[in-house]
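The listed protein sequences derive, respectively, from chains B and L. Each residue of the first sequence is one higher than the one before, starting from 1 at the first, in the UniProt record's numbering. Each residue of the second sequence is one higher than the one before, starting from 1 at the first, in the UniProt record's numbering.
Keep in mind that a hint or two might mislead.
It does not matter which identical chain is used: a pair holds within one copy or between any two.
Here are the simulated DSBU-like pairs of lysine-lysine, each with C-alpha atoms no more than 35 Å apart in a straight line [as the list claims (entries may be wrong)]:
id: 1; residue 1: K89; residue 2: K657
id: 2; residue 1: K386; residue 2: K168
id: 3; residue 1: K360; residue 2: K717
id: 4; residue 1: K129; residue 2: K224
id: 5; residue 1: K456; residue 2: K89
id: 6; residue 1: K129; residue 2: K228
These are calculated hints, taken from the structure and not from any lab test.
There are 2 protein chains.
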Amino acid sequence: MSPIVAQNVSSNNDSSTPYFQHSLELIAGEFSTATAPSSTLGQLLQHVGDTRKEATGDQTSVHELLVDISEPRPIPFVLSFNNLTYSVKVPRKMALPGFFRWSDGSAAADAAVVGNPLAAGDSYFTRTKMLLNDISGEAQDGEILAVLGASGSGKSTLIDALANRIAKGSLKGNVTLNGETLKSRMLKVISAYVMQDDLLFPMLTVEETLMFAAEFRLPRTLSKSKKKMRVQVLIDQLGLRNAAKTIIGDEGHRGVSGGERRRVSIGIDIIHDPIILFLDEPTSGLDSTSAFMVVKVLQRIAQSGSIVVMSIHQPSYRILGLLDRLIFLSRGQTVYSGSPTNLPLYFSEFGHPIPENENKTEFALDLIRELEGSPGGTKSLVEFNKSWQSMKHTRDSEPDQLGLSLKEAISASISRGKLVSGATNDINSSLMVPTFANPFWKEMVVLSKRSILNSKRMPELFGIRLAAVLVTGSILATVFWQLDNSPKGVQERLGFFAFAMSTTYYTCADALPVFLQERYIFMRETAYNAYRRLSYVISNALVALPGLIFLSFAFAMATFWAVGLDGGLSGFLFYFLIMFASFWSGSSFVTFLSGVVPHVMLGYTIVVAILAYFLLFSGFFINRDRIPGYWIWFHYLSLVKYPYEAVLRNEFENPSKCLVRGIQIFDNSPLGEIPSAMKVRLLQSVSKSLGVRITRSTCMTTGLDILKQEGITDLSKWNCLLITVAWGFLFRILFYFSLLLGSKNKRS
Amino acid sequence: MSPIVAQNVSSNNDSSTPYFQHSLELIAGEFSTATAPSSTLGQLLQHVGDTRKEATGDQTSVHELLVDISEPRPIPFVLSFNNLTYSVKVPRKMALPGFFRWSDGSAAADAAVVGNPLAAGDSYFTRTKMLLNDISGEAQDGEILAVLGASGSGKSTLIDALANRIAKGSLKGNVTLNGETLKSRMLKVISAYVMQDDLLFPMLTVEETLMFAAEFRLPRTLSKSKKKMRVQVLIDQLGLRNAAKTIIGDEGHRGVSGGERRRVSIGIDIIHDPIILFLDEPTSGLDSTSAFMVVKVLQRIAQSGSIVVMSIHQPSYRILGLLDRLIFLSRGQTVYSGSPTNLPLYFSEFGHPIPENENKTEFALDLIRELEGSPGGTKSLVEFNKSWQSMKHTRDSEPDQLGLSLKEAISASISRGKLVSGATNDINSSLMVPTFANPFWKEMVVLSKRSILNSKRMPELFGIRLAAVLVTGSILATVFWQLDNSPKGVQERLGFFAFAMSTTYYTCADALPVFLQERYIFMRETAYNAYRRLSYVISNALVALPGLIFLSFAFAMATFWAVGLDGGLSGFLFYFLIMFASFWSGSSFVTFLSGVVPHVMLGYTIVVAILAYFLLFSGFFINRDRIPGYWIWFHYLSLVKYPYEAVLRNEFENPSKCLVRGIQIFDNSPLGEIPSAMKVRLLQSVSKSLGVRITRSTCMTTGLDILKQEGITDLSKWNCLLITVAWGFLFRILFYFSLLLGSKNKRS
C-alpha cells in the first residue's frame with residue numbers, strides 16, 4: 001500500500017531545478033511490505049546517482065522553495081493541550097538601592113507579588129513565578145501552530161511543556177494526541193524537538209552531516225542505500241541541494257549561510273520523518289529572507305502530514321502568511337489564540353483596531369507590551385480572549401476528534417512512509433521499538449568515522465599540539481644537553497624529568513576547547529538517543545590514541561638521546577611508554593574536565609591550577625618522606641607523581657651506573673671549593689677511617705642511592721606505568737558519569 | 001538667538017512621562033554668545049534636579065518615542081558623494097576538489113573573473129575585487145539615508161568610505177559637504193561613527209556611561225553642570241529616561257535591553273551633537289520593536305538638524321516609513337537610489353511590479369538576490385538604475401547646492417547649539433580645535449574614576465584573584481611548614497621560592513579576560529580621540545597598584561612566617577616588596593599581552609607557556625653556570641629569575657646563618673646512611689686532614705655557600721628588585737606601543 005505520500009510536487013517557478021519534479025517518496029524501510037511503483041523508485045534512484053554532478057553552488061533561491069503540495073491530508077492528527085500550568089520558585093529579591101533596580105519585564109509582576117507577599121507556596125525567601133498559566137489550544141497535522149510573545153512571555157516554556165521536556169509533577173494540565181495522553185517513550189519516537197542553537201560539526205558537509213544523522217537515527221534494518229536515499233530526499237525537502245557538498249563552516253572556515261545551517265539543524269531532527277515537530281525560535285538570528293525560507297520548509301514538512309509547533313518572536317508579513325494558528329502569550333497567559341486572519345477582527349472588537357497597512361503581529365505585540373506596562377496589566381485582554389474563545393466555540397463548534405484513534409492514525413501514517421525511525425507497521429510493537437537504532441559496535445564505527453573525518457578536515461588542531469610538544473622537547477633537549485654524571489647532573493636530571501612530565505599534561509590542556517565544543521553536539525544527539533553514551537566515551541578514547549602515540553614518540557625521540565638518558569633501547573622504550581601513559585591519563589583528565597566545566601576559560605584556568613598542584617606534590621619539590629602527613633593524600637592523587645617516579649626509576653635503577661665517583665663526593669658540599677689535591681688527601685683519610693679503600697674512581701653514589709634520597713621507594717617502574725594508565729581509565733569512567741549526569745534534558 | 005531647537009515635544013500617549021513635555025534644549029556651552037530664555041533653562045535645570053526621584057523602571061514604551069518634531073529645518077547641509085570606487089586585492093582561489101567549493105555569494109563573481117583571468121591589477125595569485133563600483137548619491141540634513149543590500153553587497157564599505165575610514169589613495173571618487181571636500185580633521189569634529197557592536201562597560205549605569213562620554217568628549221570649557229544637562233537631554237532624546245539608572249549588564253548581570261543598549265552606544269557617539277552621523281547596521285541583532293525604536297531615535301536626531309547615514313539589512317514595514325532615501329547595493333553597484341515611495345514605480349517600470357501587500361524592501365532584496373544568482377547577474381538592473389537616475393534628474397532637476405557655504409552652514413549650526421564638542425562659533429578656529437577635549441591630568445582622573453567604579457561594581461574579579469593567591473599561599477605554607485636548616489631543608493626552600501615566585505606570575509594571567517574586554521572599549525574611544533593613549537596606560541597602571549599591594553601583602557603574610565623564612569621584620573619587608581614587584585611586572589606583562597593577542601584563549605595559552613619557559617630558565621631547574629651558552633640570553637630574559645634570586649639572597653645572605661652543621665655534612669651524600677658515631681669519627685679525621693677543628697656544631701655551610709652553589713652571584717637583592725620593577729615599566733611602555741599600533745582605524 002505504500003508509498004501513499006507520493007506527493008506530486010510541482011514547481012511554480014520556471015527557473016527551479018528539476019529535483020522538485022520527481023516525487024518526494026518517503027522510504028518506509030525494509031519492514032514495509034509494499035513496494036514502490038518501479039517508475040517512481042527508478043526515478044529516485046537515478047536522481048541519487050546524479051547528485052554528484054550538480055554540486056555547483058550558490059545559495060538557494062527563494063522561489064525554489066515555493067513549491068506547492070496539492071495532496072489533501074488524509075490522516076488526521078490533533079494535538080490538544082488543556083489548562084497547562086507551570087510555575088517555578090525563584091529567590092525573592094531583597095529591596096535594593098536605586099541603581100540595583102532591574103529594568104526587566106517582570107517589574108510589574110514583582111510589584112504584584114509584593115502587594116500580596118505570601119501566595120500559596122511562597123516564603124519570605126522565594127516566590128512563585130507562573131511561567132504558564134492555564135494555557136489551552138490545539139494543533140493539527142498539515143498546519144503550523146506558532147507561539148508568539150515577547151521574550152520572557154513563556155513561548156519556550158510552552159514548547160517545552162508540549163514536547164514533554166518538563167518533569168512530570170511540575171506541569172499541571174494535559175497534552176493529548178488524538179485524545180490519548182502521550183507516553184514519554186512514544187512521544188520520543190513520533191516527535192522531534194529542534195533547539196534554537198545550531199550545534200553542528202563545522203568541517204562536515206551538509207550531506208555528510210545528514211548522512212551521519214541517518215546512520216544514527218534510522219533503524220539498522222534499513223539498508224545503507226535507502227538511508228542515502230532518505231538523505232537525498234531530505235536535502236531536496238530542505239532546499240539544500242546547492243549547499244549539499246559545502247561544509248557547515250565556522251568563524252575560521254567559510255561554509256553555508258545562516259539560513260542553510262538552520263535548515264540542516266532541522267534536517268537532523270526530522271531525519272526519521274516525525275509526526276510532531278517542535279521548534280524553539282527556528283528563525284532567531286536569521287535575516288528575513290532566510291527566516292522565510294526556513295518557515296517555508298516547515299510548511300512543506302507540515303503538509304507532508306506532520307504537526308509543526310514553533311515559537312517565533314516576531315514573524316514578518318510573509319512568514320505570517322505561512323502560519324495557520326497563532327497563540328499570543330503574555331507573562332504565561334494566552335492573550336490571543338486563533339488564525340492570523342481573525343487578528344484584525346479580534347483587536348477591533350477589543351477596541352484597538354489594527355491600522356491599515358500596519359504589520360498585524362507587530363501591532364499586536366506592541367499593544368500587548370504596552371498593556372503589560374500599564375497598571376491593569378494584560379488582564380483585560382486575557383479576559384477578552386476567554387470570552388472570545390467561548391463565543392468562537394459556540395459559533396463553529398467543530399468536533400475535537402476527527403474519528404481515527406491514535407493507534408489507527410499512527411499506523412496509517414507509518415504505512416504512508418512517515419516515521420522512518422524504528423517504527424514498524426504494527427502499532428503495538430512500535431512501542432517496543434529499541435531505544436537505540438544501532439547496535440553498540442555500529443555506533444562505535446560511525447562515531448569513530450565521524451571523529452576521524454573531523455580531525456582530517458582540521459589538521460591544524462593536531463598540528464598545534466605537535467608543535468607545542470616539539471618546541472618544548474627541543475628546548476628541553478638543548479637546555480639539558482648531554483647531562484653529565486655528577487651531583488649537579490643528577491639534580492638537573494631530576495629537574496628535567498619534573499618539567500618534561502608536567503609538559504605532557506599541560507599539552508593535553510590545549511585540546512579542551514575542542515572537547516567542550518563537541519560536548520554540546522553530544523548532548524543534542526544523546527537527547528534523542530542517537531547513540532549510547534558509552535559508545536561515545538569509548539570511541540572518543542580510541543580515536544585519540546593514534547595521535548597520542550605520535551605525540552609521545554615525537555617527545556621521546558626529541559629528548560631521550562639529546563639529554564643523554566640511561567638504558568639504551570629498552571630504556572627508550574620504557575621512556576616512550578610512560579610518555580604515552582602520561583599523555584593518555586592527561587587527555588583523559590582534560591576530557592573529564594570538559595564534561596564538567598561550563599566554559600572554556602574556566603576549564604583552562606582549572607586545568608592549569610590543578611596541574612600546578614600536581615607538580616608541587618609530585619615529589620620533586622618536596623620528597624615524599626618530607627611531605628607533612630596531612631598532605632600525603634594529595635601526593636598519591638598527583639597524576640604527575642607516577643610518571644615522574646617511573647622515569648626516575650628508569651634512569652637510576654641500573655645498579656652498575658655510577659653518578660658520584662671519588663672526590664666528586666665533595667661537590668655540592670662545603671668542601672667543594674678546596675683544591676683537588678687536598679680533596680684526594682681528604683678522601684684517603686675518610687677511606688682510612690671507614691676502613692674501606694676509596695680511590696678517585698671508586699663509585700660513591702649509584703642511581704639507587706639517588707632514588708632513596710628522593711624518597712622513591714614505594715613503587716616499581718612498571719607499577720608506576722600501570723597506575724598512570726589506570727588513572728586514564730578512571731577519568732574516562734568519570735567522564736562517562738559526567739555525561740550521564742550532565743545531559744539531563746528536562747526542566748524540573 | 002539660541003535655543004533655536006526648542007523642540008516642542010508633545011507626547012501622543014496619555015500614559016507617557018512628563019519628561020517629554022519640557023523642551024529639548026541643546027546646550028551650546030559657554031562659548032555660545034546667546035543666552036537661553038530663562039523660563040526654558042529654568043525648566044530644564046529643575047528637571048535635572050528632579051531626575052533622581054523618578055528612577056522607577058520598566059522598558060520604554062514604543063509610544064513614548066513617537067514624538068513629533070514640527071520645527072522646520074532651516075540650515076541646509078548636503079552630503080554628496082560621486083563615483084566612489086574602491087577595490088581590494090584578494091588571493092586567488094586555486095581550483096579545489098569538490099567539497100572545498102564554497103557556496104557563497106561571490107561564486108558568480110568568481111566565475112566572471114575566471115572567464116577573464118587577468119583584469120587590470122590582477123595576477124595569477126591575486127585578483128581585484130570591486131567592493132564599491134561607481135557609487136553616487138547625496139544625503140541631506142533632517143533626513144535618514146539608508147544603504148540596503150545583502151551581506152557582502154558593500155553596505156559597510158560605503159559607510160566607511162563616507163565616514164573617511166578608508167585610507168586616502170585607495171578610494172576613488174569624492175565626498176563633499178555643501179560642495180566642499182571634507183578634511184579628515186574637520187570630519188572628525190562634525191561627525192560621528194557608530195559601530196555595530198555595543199562596546200560598553202557592563203557595570204556602569206546608562207547615565208554614568210553617558211556622563212563619562214560627556215567628560216571625555218565635551219570641551220573642558222563646558223562646566224560640569226552643563227555636561228550633566230547635556231546628558232539629561234540626551235537621555236530623553238534617546239528615550240532612555242526609564243533605564244537611566246540601570247546598569248548596562250552582561251551575561252552575568254541583568255541590565256538594560258538590547259535596544260536600550262544600542263541606543264546608549266549611539267548616545268555615546270552623539271554626545272557632542274554632530275552634524276553627520278554614520279551608523280553601521282544599527283538595528284542588527286534587535287527584535288523589530290527595538291529596531292523600530294532605534295530608527296525612531298535616529299529620525300529624531302536627523303530632525304534636530306543632522307544628516308543620518310546608516311546601513312540596514314532589511315528594514316521592517318514600520319522602519320521603512322522612517323527612511324527618507326534609500327540606496328540598494330548589489331556587489332558594490334547601485335541597483336536603486338531614491339525615496340522609498342518611488343520603489344513600486346521603479347520596479348514596475350523595470351518589469352517586476354511589487355505585488356500588493358508585499359513588503360517592498362523584502363521583495364526588492366529577493367529580486368536582487370535572484371538576479372545575482374542568474375547568469376546575467378544584476379547588470380540589467382544596474383543599467384536600468386542609471387537610465388532611471390538620468391531620467392529623474394531631467395524630470396525634477398533640483399539644485400544640488402542650497403546656497404549656504406560649508407563655513408556658513410556650520411557656523412549657523414553651531415549657534416543653534418549643535419556641535420557641543422570643542423567647536424566654537426568662529427568657524428576658522430573650529431579647525432584649530434584641540435585634538436583632545438581635556439588636559440592630560442583630567443583624562444587620568446576621569447579614567448581612574450571609571451576604572452575604580454568598574455572594579456567596585458565587580459568585586460568578584462578581585463575576589464577570585466585574592467582567593468587564588470590565598471589558596472596557593474596556604475597550600476605552600478602548610479606543605480613547606482617550618483622548614484629546618486638541613487641540606488634537605490635548603491633544597492625545599494629553593495623549591496618553595498621557585499613555586500611561590502611563579503605563582504605570582506600565574507595569578508596575574510587571570511586578569512587577561514578583563515584586559516582584553518577593556519581593549520575593545522579603549523579602541524572605540526581612542527578612535528575619536530576621547531583621551532590620550534598615554535593617559536589610559538598610566539591610569540590603568542595606577543589603578544591596578546592598590547590591588548597588587550593587597551595581593552602581595554596577603555601572599556607574603558600567608559607564607560613568610562609559616563615557612564620559617566629568615567630575616568625577621570626587615571626580611572619580611574623585602575619579601576613583601578619583591579612580591580609586589582613580581583605582581584607588578586607580571587600584571588604589566590599580561591597587560592602588554594592583552595594588547596597584542598587577538599582573543600582570550602590564545603592569550604591564556606601563550607601566557608602559560610611563556611611563564612613555564614621563564615620558570616625553566618630562572619636558575620632553579622638548571623643553575624646559571626650550567627645553562628648552555630646559546631640559551632643564556634633567555635635566562636636573562638626570564639622574568640622569574642630576578643624575583644627568584646632576590647628571595648634567595650634575602651633568605652641566605654645572612655653570613656651568621658648556618659644551614660649545615662657538623663655531621664649534617666654527610667646528609668644527602670653516599671655516607672648519609674652510616675651510623676652517627678661513625679660520622680663523628682669521620683668528621684674528626686677530615687678535621688685532622690684539613691688542619692681545621694670541626695666539631696658537631698661547627699658550621700659547614702652558610703647561606704652564602706648555597707648562593708654560590710646555585711650560581712646566584714651576579715646581582716644584589718636590591719638590584720634584582722629594581723630590575724623586576726623595571727621589567728614592569730618596560731612592559732607598560734610596550735603596552736603603550738601595542739595600543740598605538742593596534743588601534744589603526746582605517747581600511748587600506
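Do the hints match the structure? See the list:
no.	hint	result
1	K89 to K657	neither (71 Å within a copy, 65 Å between copies)
2	K386 to K168	within (27 Å within a copy, 65 Å between copies)
3	K360 to K717	neither (76 Å within a copy, 77 Å between copies)
4	K129 to K224	neither (50 Å within a copy, 44 Å between copies)
5	K456 to K89	between (48 Å within a copy, 30 Å between copies)
6	K129 to K228	neither (48 Å within a copy, 39 Å between copies)
The structure fails to meet hints 1, 3, 4 and 6 from the earlier list, while all remaining hints are met.
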